[in-house]
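Residue numbers (our numbering): 73 to 251.
Derived by calculation from the structure, the hints in this document are not laboratory data.
Here the structure is a predicted model, which is why all the values come from computation and not from measurement.
Glycine included, each C-beta is placed from N, C-alpha and C at the ideal position.
You may find that some hints are simply not true.
Label pairs and their in silico Cβ distance ranges [to be verified]:
| no. | residue 1 | residue 2 | range |
| --- | --- | --- | --- |
| 1 | D234 | S146 | 17 to 27 Å |
| 2 | P125 | A198 | 19 to 29 Å |
| 3 | K207 | E148 | 29 to 39 Å |
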Amino acid sequence: MRAAPLAVTALAAALLLTGCSGDGDSSGGDSAAASPSNGTTCRIDAMDVEVGPASVAPAAGDTGNIPVTLTNQSAECTLDGFPGVDLKAADSTASVPPEEGAKAAKLTLAKGTAATFTLTYTRGEAGAKASLDVKSLAIGLPGAGTQKSFKWSYGPVQGKADNAGDPTASVGAFTQAGD
Numbered sequence: 073m074r075a076a077p078l079a080v081t082a083l084a085a086a087l088l089l090t091g092c093s094g095d096g097d098s099s100g101g102d103s104a105a106a107s108p109s110n111g112t113t114c115r116i117d118a119m120d121v122e123v124g125p126a127s128v129a130p131a132a133g134d135t136g137n138i139p140v141t142l143t144n145q146s147a148e149c150t151l152d153g154f155p156g157v158d159l160k161a162a163d164s165t166a167s168v169p170p171e172e173g174a175k176a177a178k179l180t181l182a183k184g185t186a187a188t189f190t191l192t193y194t195r196g197e198a199g200a201k202a203s204l205d206v207k208s209l210a211i212g213l214p215g216a217g218t219q220k221s222f223k224w225s226y227g228p229v230q231g232k233a234d235n236a237g238d239p240t241a242s243v244g245a246f247t248q249a250g251d
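Hey, can you work out the whole structure from these sequences and the hints?
Laid out in structure tokens, this is it:
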């Protein structure tokens with residue numbers, strides 16, 4: 073009974089993330105692919121990534137926010153779309169959709185400049201069937217084929233309609249960081 077919703081969620085995530093794949097993908101899918109106008113697509117392996125400090129949801133039902141800052145350590149590149157974010161539990165993975173109503177902005181990052189986005193989530197009840205016991209957070213960039221993983225220490229994430237595979241979480245659009 074649970075396999076069908078997870079399969080649908082996985083298919084939807086694959087369509088939403090267009091090009092973001094699992095950890096360690098060395099298929100070269102992120103190698104300087106041209107963006108629709110000019111420049112190259114930013115690659116996660118060319119970024120310094122800082123996750124947090126977070127405004128952690130203290131109890132089940134509370135909302136938390138986790139800022140993620142990406143600093144370009146390579147040649148000028150472009151972010152065009154939303155970040156690909158997966159929440160990984162011991163035996164499953166759930167993709168996080170863009171925030172409802174958010175509009176993606178196209179940003180060009182010179183070497184040393186940064187962009188940020190926010191992951192918002194609702195904390196679930198530990199051990200509950202409707203909660204995803206997240207162990208790590210995987211982040212990918214639009215149009216790139218790899219992700220970087222980070223330890224998750226913010227508690228379980230509540231699922232929508234009692235479905236742990238459909239987390240009550242969203243990612244915001246990229247914004248320019250700094251001056």
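query = Does the Cβ distance between P125 and A198 fall inside 19 to 29 Å?
reply = holds, 22 Å
Distance restraint evaluation - K207, E148, Cβ atoms, bounds 29 to 39 Å = holds, 35 Å
task = With respect to the beta-carbon atoms only, verify the hint that D234 and S146 lie 17 to 27 Å apart.
result = violated, 43 Å
Consistency note: the structure conflicts with earlier hint 1 alone.
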